Amino acid sequence: MYNGGKIIAGLIIFIALVTFPFYTNMGKTIEKPADPTAAADELHIGNVPIGQMRAEHMMILDKWRDEVVRGGERFITFDGDQYEKSIQNGCLACHSKQDFCGKCHNFAGVNPYCWNCHYSSEEDQL
Amino acid sequence: MAIKPKPNELLSGINYKPPLKQWMDEPVEFKKGYYCYGAKPKNLEYIGFPNGREWNSSEQDWKLVDNWKEIFLEGMENLLKKFRSFRLFMDICVRCGACADKCHFFIGTGDPKNMPVLRAELLRSIYRRYFTVAGKLGKIAGARDLTEDVFKEIWYYYYQCTECRRCSVFCPYGIDQAEITMMGRELINLLGCCTDWISGPLANCYRTGNHLGLQPHTIKSNFDYMLDDLEEHTGVRVEPTFNRKGAEILFVTPSADFFAEPGVFTCMGYLLLFHYLGLDYTWSTYASEGGNFGLFTSNEMMKRLNSKIYAESKRLGVKWILGGECGHMWRVLHQYMDTMNGPADHLEAPVSPITGTRFDNAKSTRMVHIAEFTADLIKNGKLKFDPSRNDNLNVTFHDSCNTSRGMGIFEEPRYIINSVCNHFHEMPDNTIRENTFCCGSGSGLNAGEIEELRMLGGLPRAHAVKYVKEKHGVNMLSCICAIDRAVLPPMIDYWMPDVGVCGVHELVGNALIIPGEKERENNLRGEPLPGMEEKGEEE
Amino acid sequence: MGMIFSLVAVIFLAAIAFMGAKLNLFGLFGVAIPYLAVLVFIAGFIRKVIKWGQSPVPFHIPTTCGQQKSLPWIKQSKLDNPSTTLGIIGRMALEVLLFRSLFRNLKTHRTDGGPVYGSNKWLWLGGLAFHVTFFVVFIRHLRFFTEPVPAWVNTLDVVDGFVQVGVPHMLITGVVLLAAATYLLLRRIFNPQVKYISLPADYFPLFLIIGIAVSGILMRYFIKVDIIKVKELTMGLATFKTTVPDGIGGIFFIHLFLISVLFAYFPFSKLMHLGGVFMSPTRNLANNSREVRHINPWNPKVKLHTYEEYEDEFREVMKSEGLPVEKE
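Protein chains in written order, with the numbering used here: chain U, 1 to 126; chain V, 1001 to 1539; chain R, 2001 to 2328.
For the record, the hints were derived by calculation from the structure and aren't laboratory data. Please read these numbers as outputs of a predicted model, since none were measured by experiment. Misleading hints may appear alongside valid ones.
[As the list claims (entries may be wrong)] Derived Cβ-Cβ restraints for the label pairs, each shown as a range: (1) PHE2222(R) <-> GLU122(U): 32 to 40 angstroms; (2) GLU2316(R) <-> ARG1237(V): 26 to 34 angstroms; (3) VAL1351(V) <-> GLU2309(R): 28 to 36 angstroms.
Ideal Cβ placement from N, Cα and C applies to all residues, glycine included.
I would like the entire structure built from these sequences, with the hints used as guidance.
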């Protein structure tokens, strides 16, 4: 080969870049977030099946936000009770930011901008 | 010789919209005026080229040898192994089309197979078919069989490329059609299918040292005529030497400079300059050619012809070599000579004996371009000029393809022109420097039988000249290339008369004030200088 | 014809993947084919580059696009006509990162007076947009191949989605990639010159990449897949502990299969310009051929016409003109 040094150096850089996922994870065992316990067909607040909530919660929350901010419809009735469409006073009343939201988001590298404004009382304890 | 169609007829025939039919389904049509005569066997035989025979490129039967296909494909395999450029350029083209409308032959003819990318695809389709796995699938993989018609198509279009490299400037991967054309022509030469107009000068140059076949005594007598004219115009008798051992510098220029107008006027410029400087230099009749038709024939032929320059510099014992104004000559000297025929250990790193400037950019090849040499003289105040002697000239400068894109000599000639002329105007930016357009006749295409093609190829250049002629009254196109000096006068004349063509050193010769000269009434062409017109008439 | 063929081929490939998912061939489409594709990609890429490397660069042939280095008082164009290694690095960086040569692009117009040349930067813009966004999209996908996801990958995602349009937030690169690829396709179809030179090998990768972009965008915004399961699968590939979670959804397998095809196709196609651009002798050589001798490893021995032969033929006429000769 001619100019072999430069060519091989270039190839090594190329291989190092494209095989990055393999050597960076060498020997690792990946813990995926624990499977959720609720059944997919159970209903969530808003009369949405939990399976659908898992897939589309970001869109549903977005819709609720619009209803609150633009339509003033702050509450939602589910199973006879009233719930507030609110992250702090609603979602976080049952779910934990860290253990519930964060688990999957972190695993999948999802960066929702909810927390740019919203606040979790868990953070006080940190 | 003037071609039949009028400029406006040719111009109105240009159409940049290719046909809808796929190009592989479009068989080649040999248009009269677009292809050269075939090489004569005696010329090929003289330089030891294979498969020479009596044949006629306009006939159906080219009398190719029986195993021509094997020769072609073996040759191709050989070149792929020898030239990374070739293999790479066969593999990586994405057909983005950036080069398509950059070729002067496409701009002039509108023939879609003159788009550089398609000219390359003519050969690439063969490469795919015989040298890649996918190519076995045929047309769907962009591959096709090598047939006699395909070979003729390659021949037809590879002699419609002047190896000017303009496409390569615009290619995002630097794919250079000049390089691919060189490969194509190597293959063509394996089959004895060189053109007559190239093979003649090749044989001449091999034998006599120059393309024109001038024998030593003819060179000498040509010079004598030139020196007489020079004495008449300037009152100075210049006494150049030939084949003189012990000179400090060997001077090599294209033989056209001491053979035909307007090249001889450039040559007079060199002679006056060297005389003024008292330069210890010599001409050679053995290495009497700077140009090298091997560049567009085969790398071996290029080496064989080029070898004379170093060989002669060694025999004569000079210290370094100075080279005149020429385009493809300088591509060879700058990019090939040292590699092919070096190292030039018998020479010294060039130093100007007048200014003491070391030409570090030429310290290995040991050959300096005269524009570099003269620009250095002017910068150091060694030359006295009367630029008003060029006041009747509105000058523009044509960058030659090879010195532009295979070297990059842009400022030196401009600096010289601006020192010796008062009126200089550039052509539009998109047509000069690295974007410059070919004269349309380079790389061995200056043949009379393809005049129509050449006029069309020269259209972009001529049109840019027309622009500055109309805008600034330009009446002189200067250049640093012998092919330009030979082909541009009829080209310019065809598209828009009344613009002359000259070498840069002709302008230098006009303006240079030489001790002991008579009062100059004429320029080097024997035409009255500005302000001297009436004097001429009185006599 | 080439265009229709390529379009049909890509649709056919997508259909294969969809059928594969329907038939629960997750092991084949989720593990075996992707591994094979990466293997072919890397091995094929290396093979091709080595093949190029085996041919020498016999001559020093840079295309010079600016003033040469000559006399010290003449300003050299150091990036367009470099004479040093540093200059070459600069020239190559401009070429690879900013598509310097395409930036020069001109368009020739026919007028009654003759040809004129106008600036034309669309191909440069479209090409650059295509390549840059493709690269960013490629890098963004590292979130499926790293655990924990590095902060810079998350940052890239946030920056890419900074317009905060829609949920999940729209990633600009994905949209631009699709738009740029579509532009490149449309110019092949509607620019008569480019149409004339286009081969199936030009349409096919474009359709393939458009298919990949469309399936990706669909998955993100419209036909949701379980992203946790997707990452389980991709991390299984990255750690060589493969798992095939069920219930991911056919659209994912279409996406993954088209990418696998792109990887496997890459080394045998024009896409190798990725490696080739670095090896182009008209760009990666310094214009210093008169300063430093370039060596041709196969510099041939050739038959020469020597001065002695020349003088033997012309001695008499040389003498008659008083030209010096070696032998009287």
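(Q) The hint says 32 to 40 angstroms between PHE2222(R) and GLU122(U); measuring C-beta to C-beta, is that right? (A) 33 angstroms, holds
Q) Are GLU2316(R) and ARG1237(V) spaced within 26 to 34 angstroms by their CB atoms? A) For GLU2316(R) and ARG1237(V) the Cβ distance comes to about 28 angstroms; the hint holds.
**Q.** Beta-carbon spacing of VAL1351(V) to GLU2309(R) - inside the hinted bounds 28 to 36 angstroms or not
**A.** 33 angstroms, holds
The structure fails none of the hints (numbered hints given earlier).
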